[in-house]
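Number of protein chains: 2
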Amino acid sequence: MKLLQEKIQAEGIVLSDQVLKVDSFLNHQIDPQLMLAIGKEFVSRFAQDQITKVLTIESSGIAPAIMTAMLLNVPLLFARKQKSLTLQNNVYVEQVHSFTKQVTNEITVSKKFLEEGDKVLIIDDFLAHGEAAFGLAKIVRQAGAEVAGIGIVIEKSFQNGRAKLDDAGFRVESLARIKSLTDGQVRFVEDSAVLTAEGNGSHA
Amino acid sequence: MKLLQEKIQAEGIVLSDQVLKVDSFLNHQIDPQLMLAIGKEFVSRFAQDQITKVLTIESSGIAPAIMTAMLLNVPLLFARKQKSLTLQNNVYVEQVHSFTKQVTNEITVSKKFLEEGDKVLIIDDFLAHGEAAFGLAKIVRQAGAEVAGIGIVIEKSFQNGRAKLDDAGFRVESLARIKSLTDGQVRFVEDSAVLTAEGNGSHA
Numbered sequence: 001m002k003l004l005q006e007k008i009q010a011e012g013i014v015l016s017d018q019v020l021k022v023d024s025f026l027n028h029q030i031d032p033q034l035m036l037a038i039g040k041e042f043v044s045r046f047a048q049d050q051i052t053k054v055l056t057i058e059s060s061g062i063a064p065a066i067m068t069a070m071l072l073n074v075p076l077l078f079a080r081k082q083k084s085l086t087l088q089n090n091v092y093v094e095q096v097h098s099f100t101k102q103v104t105n106e107i108t109v110s111k112k113f114l115e116e117g118d119k120v121l122i123i124d125d126f127l128a129h130g131e132a133a134f135g136l137a138k139i140v141r142q143a144g145a146e147v148a149g150i151g152i153v154i155e156k157s158f159q160n161g162r163a164k165l166d167d168a169g170f171r172v173e174s175l176a177r178i179k180s181l182t183d184g185q186v187r188f189v190e191d192s193a194v195l196t197a198e199g200n201g202s203h204a
Numbered sequence: 001m002k003l004l005q006e007k008i009q010a011e012g013i014v015l016s017d018q019v020l021k022v023d024s025f026l027n028h029q030i031d032p033q034l035m036l037a038i039g040k041e042f043v044s045r046f047a048q049d050q051i052t053k054v055l056t057i058e059s060s061g062i063a064p065a066i067m068t069a070m071l072l073n074v075p076l077l078f079a080r081k082q083k084s085l086t087l088q089n090n091v092y093v094e095q096v097h098s099f100t101k102q103v104t105n106e107i108t109v110s111k112k113f114l115e116e117g118d119k120v121l122i123i124d125d126f127l128a129h130g131e132a133a134f135g136l137a138k139i140v141r142q143a144g145a146e147v148a149g150i151g152i153v154i155e156k157s158f159q160n161g162r163a164k165l166d167d168a169g170f171r172v173e174s175l176a177r178i179k180s181l182t183d184g185q186v187r188f189v190e191d192s193a194v195l196t197a198e199g200n201g202s203h204a
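Residue numbers (full-length UniProt numbering), protein chains in the order written: chain A, 1 to 204; chain B, 1 to 204.
Pulled out of the complex, with its shape left as it was, chain A reads as follows (with noise of 0.2 Å):
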């Protein structure tokens, strides 16, 4: 999505060549007509798929799954994130370790929500090792619903994340694929396609 790569490449931090920042945009300002552009790309993507439900994270994948699920005329439904948990009944559990933060959280979402027969697009913010959307999806799976598709905001595509998505069957569409942050700069997987194959690669 070549709007979405013009903002990394303008506003996006590189921190280290792990880490890109996108603190004025994505994850602590948020640029809202941008994120209507992401839920209309996929919504573009999954239009086909009759999709019940959006399910994401909070807090980052908030915005762009609320406009998603706007334009998709479904509910949507963000999971929770806490660092113990008090013995519940009525919500599904997963683990999720975040290799940032060093820290595991369970991430829940209440059993009333998310029922068989649900085709759940799962939205997040950022695809690194895969932990969150592993999660959401094991998560949809608990209630015997469908995963139809992982739609990502940013994948770090030199991590594993999309890679493990892929080997487990799962269809990920993500709208900005980094391919590397060495030398402290943004490169994406298309700029590499441009170079290496038969020079249009560069698709939205």
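Treat each hint with caution, since some may be false.
[As the list claims (entries may be wrong)] Chain A stretches covered by chain B per the calculated footprint, using a threshold of three residues with CB under 8 Å from any CB of chain B:
| no. | stretch |
| --- | --- |
| 1 | 29 to 41 |
| 2 | 57 to 65 |
| 3 | 129 to 136 |
Keep in mind that the hints were calculated from the coordinates and are not lab data. Bear in mind the structure is a predicted one, so any value in this text is a computation, not a measurement. We put the beta carbon where it would ideally sit given N, CA and C, even for glycine.
Knowing the structure of chain A, use the given hints to seat chain B on it.
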């Protein structure tokens, strides 16, 4: 706001005479069309105020706030909540006590996203004791910016937050004002106006 009142009556769960659960459309599952309608209502109330930024707090404030920001065509900024804080120079910090959860969080906003001259609309999902709203307002003032107003989705008018914000001189616009939750019933401030005033207090 009539649509919101109807949704609360239809789906809100009165857990006690202090606690209303609205996790089917606002706090866990979210109704995006309702959020859009809420955004429109906030815009109609603050359209003349030259808002430059919307400020909310994670997580449940984000959905109504992003719709408001989208329609006002300004950025959204959400404060982060955390239990302990490593000392940082680049953020504004305020203490916010949650009476419901009996914890005090620190809320933070990066200094680079608020500046003198900003006219900030604060949006939150609930107003009870006013702790979050005051915390956000203090952050705006730390930045030398102006609080143009405070927009609340659901106000528990029987708790003291509204009165405290009024006394402090803030303009508060609450879309649903709950007078009481006794006997498992939701009663709105407007309902009592119907009985005590000229018979038409149930405006949207």
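Now the hints, each set against the structure:
1. 29 to 41: holds (count 7)
2. 57 to 65: holds (count 4)
3. 129 to 136: violated (count 0)
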